[in-house]
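Chemist: Model the full structure from these sequences, guided by the hints.
Keeping their order, the protein sequence lines are chains A and B.
Take 1 as the starting number for the first sequence in my numbering and just add one per residue.
Take 1 as the starting number for the second sequence in my numbering and just add one per residue.
Don't read these hints as lab results, they were simulated from the structure.
Glycine included, C-beta positions come from ideal geometry on N, C-alpha and C.
Treat the hints with care, since some could be wrong.
Said to hold, decoys possible - Pairwise CB distance ranges, derived in the manner of DEER restraints:
1) Gln227(A) - Ser162(B): 33 to 41 Å
2) Gly188(B) - Gly39(A): 17 to 25 Å
3) Gly20(B) - Ala191(A): 28 to 36 Å
Residues per chain, in single letters:
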Amino acid sequence: MPQYRDEGIVLRTQRLGEADRIVTVLTRNTGRVRAVAKGVRKTTSRFGARVEPFGHIDAHFHIGKSLDILSQVESFYSYGATLSQDYAKWTAGQAMLETAERLTPEEKEPATQQYLLLIAGLRALIKNEHDANLVLDSYLLRSLSLAGYSPTFFECARCGDEGPHRAFSVEAGGTTCQECRAASSVVPAPATIALMSALLTGDWNVADASELKYRREASGIIAAYLQWHIERGLRSLRMVER
Amino acid sequence: MYEGSLQDLIDALGKLPGVGPKSAQRLAFHFLQTDSATVQNLANLLLEVKQKVKSCKTCGAVSETDSCNICNDTRRDVSIICVIEEAKDISSIEKTREFKGRYHVLGGVISPIDGIGPDQLRIKELTSRVTNEEIKEVIVATNPNLEGEATAAFLVRILEPSGVLVTRLASGLPVGGELEYADEVTLGRALKGRRQVS
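Modeler: Shown next, in the form of structure tokens:
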């Protein structure tokens, strides 16, 4: 049976049969993989604890007919052990995992940048250097950007007219000028647009110094922007403690 | 493949958990070969269980009355509540014969990715029991996986203001197992949760 080895982050697990699980892993080289982990729900399982969501693993897969089989797993780090102790961070992390899954729609299509971004996001979440919600919003913007949905925060998203512009249109993909402004546009505070831009580019000095009311406004816009592009709302995003 | 009711039965059986198309076919033919009285009895039991069995109003366990046998048992310690995910977990804990308190069934665990939040679980009922009954200890016995741990962390946060003692089931090595075969996460937890013996 052909096999391959790759490292990855466990995105989710689903129960299968009596004692098995289907494990979805975002791998470095192979992309998103769904594989069967046999017997991992039994207490005698040798690698059940390693294939929990948020686990950074080194995995050995056997290529199966429909799903691959996860045959060996070594753990690099379990982000979940830290995150599950803090409910707010855990919900933020869950939203990251769901986003990563949704923005890698094709199985086994390499998505190395998404993988690296997810690891960076989870590391930032457990390091406590920035507010968990800022880390999540930054991750959402950057993962959308990697998927080809990068929003503009300066030029007009429709005509390219140089900004700054006040109106933000989810459908247009960013700020728009007066002429291109759509009826459904919102007019966030300039500080909110500056915050979103900082989150996209990773300017943490600006992001960390932002006020709570601008963070809340930015979170709402980013959630709407994400929902527009992935077409369905993220279940876990609704449960993130803001 | 088959005609009429036989195929309908195979299809219906195939929807049961853990029953694939082949097992469904085998079961359907077993029913065909079994005498009518036995099959009638099984059909009656299925209907009866659906009509009679409901949730205990206090703990959420399955019961044929408003209050289950465990909640009605006056010999049990009413000051300790063991919080479990599903009603079927009660039998696992009862088999240990180590727990003499009462239970509280959450009805699942918090799983944002599946759209299950605290509001979908029986957490309000738990806080109400802790407030209204004389509870001294709440044992959180959710499964030792990530969702179970996060649900436990959430319960600790919710119950802390009431001043009740909240404990968590220990994690560690299975009895009869060997260190060599233990994974590092379980072994790590066993070390963290070690107890004094002298």
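Chemist: For each hint, tell me whether it holds in the structure or not.
Modeler: Here is what the structure says about each hint:
Range check, glutamine 227(A) to serine 162(B): Cβ separation about 37 Å, and the 33 to 41 Å hint holds. Hint check: glycine 188(B) to glycine 39(A), Cβ distance near 21 Å, so the stated range 17 to 25 Å holds. Checked against the hint of 28 to 36 Å, the C-beta distance between glycine 20(B) and alanine 191(A) comes to roughly 58 Å, which is inconsistent with it.
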